[in-house]
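Novice: Under this note's numbering, residues 260 to 572 are what the sequence shown spells out, in order.
Errors might be hidden in some of the hints.
Calculated pairs, DSS-like style, for lysine-lysine (alpha carbon to alpha carbon, straight line, at most 25 Å) [what the hints assert, rightly or not]:
#1 Lys263 / Lys340
#2 Lys295 / Lys355
#3 Lys541 / Lys295
Distance windows between CB atoms, simulated [claimed, not checked]:
#4 Ser459 / Asn334: 46 to 52 Å
#5 Asn413 / Glu347: 23 to 29 Å
#6 Thr331 / Val439: 49 to 55 Å
#7 Thr549 / Met323: 33 to 39 Å
#8 Ser452 / Asp415: 36 to 42 Å
#9 Pro316 / His502: 18 to 24 Å
#10 Lys293 / Pro506: 20 to 26 Å
#11 Gly357 / Leu289: 23 to 29 Å
#12 Leu269 / Gly368: 35 to 41 Å
#13 Ala545 / Pro506: 35 to 41 Å
#14 Pro506 / Val318: 34 to 40 Å
#15 Pro316 / Ile404: 18 to 24 Å
#16 Arg354 / Val439: 17 to 23 Å
#17 Ile296 / Ala507: 48 to 54 Å
Please keep in mind that the hints were generated in silico from the structure rather than gathered at the bench. The beta-carbon is built from N, C-alpha and C at its ideal position, and this holds for glycine as well.
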Amino acid sequence: MDLKTFFNYLSEIIYVLCGLVSISTAIRGLKNEKAKIGTFLFWFLLGLIFILGKYIPYVYTGGMLIVLGLITVTNQLKMGKFADISAEFKIAQSRKFGNLIFIPAALIGISAFLILQFKIGTTAIPPAVGIGGGAIIALIVALLIIKPNLKETNEDSTKLLMQTGAAALLPQLLAALGVVFKEAGVGNVIAQSISSVVPSGNIFLGIIIYAIGMAVFTMIMGNAFAAFSVITAGIGIPFILKHGGNPAVIGALGMTAGYCGTLMTPMAANFNIVPASILEIKDKNAMIKTQIPMALALFVVHIILMLLLFGIK
260 MDLKTFFNYL SEIIYVLCGL VSISTAIRGL KNEKAKIGTF LFWFLLGLIF ILGKYIPYVY
320 TGGMLIVLGL ITVTNQLKMG KFADISAEFK IAQSRKFGNL IFIPAALIGI SAFLILQFKI
380 GTTAIPPAVG IGGGAIIALI VALLIIKPNL KETNEDSTKL LMQTGAAALL PQLLAALGVV
440 FKEAGVGNVI AQSISSVVPS GNIFLGIIIY AIGMAVFTMI MGNAFAAFSV ITAGIGIPFI
500 LKHGGNPAVI GALGMTAGYC GTLMTPMAAN FNIVPASILE IKDKNAMIKT QIPMALALFV
560 VHIILMLLLF GIK
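Turn these sequences into a full structure, and let the hints steer you where they fit.
Specialist: In structure tokens, the structure reads:
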């Protein structure tokens, strides 16, 4: 077995583990007082896609995604009731573990980053293995530090996933949407539309429109990575880079200009909606409202930096 095949198998194992967590959540959903069937079907179908997605024909996977969407739209995906944890217990655990509780959380990102730095020959480690490996390392360390009851661990995992709800699907769907838009030639359409308004060679307007396009498209798609390929192909390359713009500078600042849009959209569920759900904040847009002033200020700074670093005085 060559290394590429081996890493592909490891990636599939990570996807299977994700699917098993989802199916566990589906089973827990059968205890719901409301919408137990819809909740079960949502998480079960999602688990099935994770586990068997490689072998299920794409048309059937698409059909299952439509079912997941219908379950969400008809409000048949609910969070069940879980045992209340007393404030006294939370305070006692906080005093017992203190800042040690942040070690597993930090290890997810640190471990994933370190794993993905390695190459064996010319074979790079797949992102799924890096992120999944980081999560597994963090889980093991958390078990060693806290020594929880494994039944409680499973219960809390399903609770967290139910709190996240349908937003758990957004990162995968939005990343796929970016590829679809790029292949469909959306970037070319945008370039043709902009060229009818902005004269070729007007770097000042080109940079402003590129930054605005990145922020707005990110707000629509919820993902700056997905927006980057479309907006850079449609605006960045023809209106900035072809006229002498530094690709490293324009690309890096264009991407982070997109992240200014991330701070202002509910489509960026992982950043803005999921934390509000987990923290049980009544106003689900509280994060966005707090972030908007800083996001707008940073956006203006991005435009100024791109203009200065390009050479415009």
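Novice: If a hint holds in the structure, say so; if it doesn't, say that too.
Specialist: Quick rundown of the hints versus the structure:
Our distance criterion of 25 Å between C-alpha atoms is broken by Lys263 and Lys340, whose separation comes to about 44 Å. Of the supplied pair hints, the one linking Lys295 and Lys355 is violated, its CA atoms being roughly 37 Å apart against a limit of 25 Å. Between the alpha carbons of Lys541 and Lys295 the distance comes to roughly 24 Å, so the proposed pair stays at or under 25 Å and holds. Taking the beta carbon of each, Ser459 and Asn334 are about 50 Å apart, inside 46 to 52 Å as hinted.
Distance hint check: the CB atoms of Asn413 and Glu347 are about 24 Å apart, consistent with the given range 23 to 29 Å. Between Thr331 and Val439 the C-beta distance comes to about 20 Å, which lies outside the given range of 49 to 55 Å. Taken as a hint, the range 33 to 39 Å holds for the pair Thr549 and Met323, whose Cβ atoms sit roughly 36 Å apart. Range check, Ser452 to Asp415: about 49 Å between beta-carbon atoms, so the 36 to 42 Å window is missed.
At about 46 Å, the beta-carbon gap between Pro316 and His502 misses the expected band of 18 to 24 Å. For Lys293 and Pro506, the Cβ-Cβ distance of about 53 Å falls outside the hinted range of 20 to 26 Å, so the restraint is violated. Judged by the Cβ atoms, the range 23 to 29 Å given for Gly357 and Leu289 is violated: they are separated by roughly 37 Å. Under the hint 35 to 41 Å, the C-beta atoms of Leu269 and Gly368, about 19 Å apart, miss the expected range.
At roughly 38 Å, the beta carbons of Ala545 and Pro506 sit within the given window of 35 to 41 Å. Checked against the given bound of 34 to 40 Å, the beta carbons of Pro506 and Val318, roughly 39 Å apart, stay inside it. One distance hint, 18 to 24 Å for the beta-carbon pair Pro316 and Ile404, is violated here, with the actual separation near 44 Å. One distance hint, 17 to 23 Å for the beta-carbon pair Arg354 and Val439, is violated here, with the actual separation near 50 Å.
Restraint check, Ile296 to Ala507: a C-beta distance of roughly 52 Å satisfies the suggested window 48 to 54 Å.
In the structure shown, a violation is registered for the earlier hints numbered 1, 2, 6, 8, 9, 10, 11, 12, 15 and 16, in ascending order.
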